[in-house]
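Just need the whole structure built from these sequences, with the hints factored in.
Those sequence lines, one after another, are chains A and B. So the first sequence is residues 1 to 293, counted in the numbering used here. So the second sequence is residues 1001 to 1266, counted in the numbering used here.
Among these hints, one or two may not hold up.
SDA-like mimics (lysine to any residue), calculated; alpha carbons at most 25 angstroms apart, straight line [to be verified]:
(1) A:K218 - B:S1020
(2) A:K89 - B:L1122
(3) B:K1049 - A:L226
(4) A:K89 - B:D1037
(5) A:K141 - B:A1082
(6) A:K218 - B:D1037
(7) A:K218 - A:W193
(8) B:K1049 - A:G109
(9) A:K89 - B:A1050
(10) A:K218 - B:T1048
(11) A:K89 - B:S1020
(12) B:K1049 - A:P265
(13) A:K218 - B:A1128
(14) B:K1049 - A:S233
(15) A:K89 - B:A1127
(16) B:K1049 - A:E205
(17) A:K89 - B:F1249
(18) A:K89 - B:A1128
(19) B:K1049 - A:A27
(20) B:K1049 - A:K141
If you are wondering where the hints come from, they were derived from the structure by calculation, not from laboratory data.
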Amino acid sequence: MPPPNISVADPIPAKAGIGLRFQHHQAVLDTNPDVAWMEVHTENYMGGGTPLRYLDVIRRNTPIALHGVGLSLGSAEGIDPAHLERIRKVAERIEPGLMSEHIAWNVVGGTYLADLLPLPMTEEALEVVCSHVDQTQSYLKRRILVENPSTYLSFGNSIIPEWEFMAAVASRTGCGILCDVNNICVSAHNHGWDASAYIAALPTEAVGEIHLAGHSIKTLADGSVLRIDDHGSLVGDEVWELYRQAIARFGAVPTLIEWDNEVPPLEVLLQEARYASGLIDRSGEDFGHADAA
Amino acid sequence: MPTLLEMQIAMRASLLHRDSQTVSAMLAANVPEDRLDIYRNTFVRTLTKALRLCFPATERLVGGEFFEGAAQIFIGAHPPRAAWLDQYGGELPDFLRSFPPAISIPYLGDVAALEWTVSGALHAEDAAPLDVAALGAIGAKDQARIRFVAHPSIQLLRLNYPADVIWHAVLDADQAALRSVDLGTGPIDILVERRSTGVEVERLDEQAWSFLAKLCAGASIETALDNAGDLDCAAALAEHLALGRFAAFELAAPMTTVDVGPETSE
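Given below as structure tokens:
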């Protein structure tokens, strides 16, 4: 018997939302904050028990997006059908407005490597990712979004620019793109790319969500400077500037504030979301001027 | 040119075993090899954090630094097999039981086993308790053939040391209770379950534990009643039902042979 379709309880509005973490479950229930939507990591709500009970209640008032970190779309050995089924079960219960995963891999030899690992930008990797996006979308009977990665190294056999890789996955599979502006900033610094050109190269119609977060700057032993995507601070000025460029190009898109390390009080996330909301509102005005000119 | 699979196998060797020779040769020419350390550090830190969350009392018994060192060795030997870290760490109790530096704490593995069981109950699938009215509709002559399906959070555990007392004392930082623990009281039988109020750890006497273990393993009531000794089985069953320890039931085929669930043994 085929599994039932996953319904959408509430679509995700083209406004600013926040990443919901366990630390804030109770505060969200107590204060019912004024925020357009929230996103959770799918893997944190597998099985049963308390986390799902919170989410069952929170989703009555707030549209929820599911963001996966463990499907390993880039695994050469294939994706784990048991994991795909666990994702489906969470989605069936939560009825998310959006579902997303990453252009990355973390499973090989039956081992889960617990990070979002970089892929070589090759035709082989592109085919592997596309076939797994196809498999995921047909299993879930849902369009998914795929997020551009933050990376610290690149491979000798990479021949496809990452922005072209992202565009190709979207055009071949019909999936959307989750444009992580912070990841673009981090990777552009780490690899010497032009972050603005990256944003300008993404297919506008495919971008269905934007992520914003903080990152840190680390000086390595050899004196080289690396941007680390640690989601542990306020969104930086450079990322806000890239975000302005992104919404000028993509229009108003659901935008998420992510924070995973040293998670601050809920109010700090809400302030960041309000700031992003202000930029989304003003980007509409800018469009008006551009059209008039 | 390496295939994707060759690269991923080489990356695994770098993360798990610090063997970066193969993957280093696959990196772009201008990429310093120490960039691999960033991934390795994230891998170890993420899994260590998952183990800390699951085994807080175990960590307190040995101290943070010792736990971190043991976790590093454990992660290399027993990396996760699925992208579901709530389910990671099941091999840690046995790992600690045979970990030479921990040999002076003989009960460490039992405390870890209890914590693993608590974590399992915490994250077990949700299930509604069985409908007692439907059970009441079973005629008296068929009642002996009833077989239950345990609620997914029910865990039954038999340990050599009083790990439940140690666990409570450690988490409450109750030094007096910890000092008064008698390690020589013999094996204990534990029931762990998740109720609406949270996870409960209860000690059962041996007969009550065995009776419940048989029922949870799918033995019919009739089979579970065998060897139940002087246990008040009717009262025990009523309590299990009242507390929602079973999620469903079915009727075993009429008895011709003794049908015992796979987990039961004498």
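Consistency of the hints with the structure:
no.	hint	result
1	A:K218 - B:S1020	holds (22 angstroms)
2	A:K89 - B:L1122	holds (18 angstroms)
3	B:K1049 - A:L226	holds (24 angstroms)
4	A:K89 - B:D1037	violated (35 angstroms)
5	A:K141 - B:A1082	holds (23 angstroms)
6	A:K218 - B:D1037	holds (13 angstroms)
7	A:K218 - A:W193	holds (18 angstroms)
8	B:K1049 - A:G109	holds (23 angstroms)
9	A:K89 - B:A1050	holds (23 angstroms)
10	A:K218 - B:T1048	holds (22 angstroms)
11	A:K89 - B:S1020	violated (38 angstroms)
12	B:K1049 - A:P265	holds (21 angstroms)
13	A:K218 - B:A1128	violated (50 angstroms)
14	B:K1049 - A:S233	holds (20 angstroms)
15	A:K89 - B:A1127	holds (14 angstroms)
16	B:K1049 - A:E205	violated (39 angstroms)
17	A:K89 - B:F1249	holds (24 angstroms)
18	A:K89 - B:A1128	holds (17 angstroms)
19	B:K1049 - A:A27	holds (23 angstroms)
20	B:K1049 - A:K141	violated (34 angstroms)
Figure legend: structure checked against the earlier numbered hints; hints not met, in rising order: 4, 11, 13, 16 and 20.
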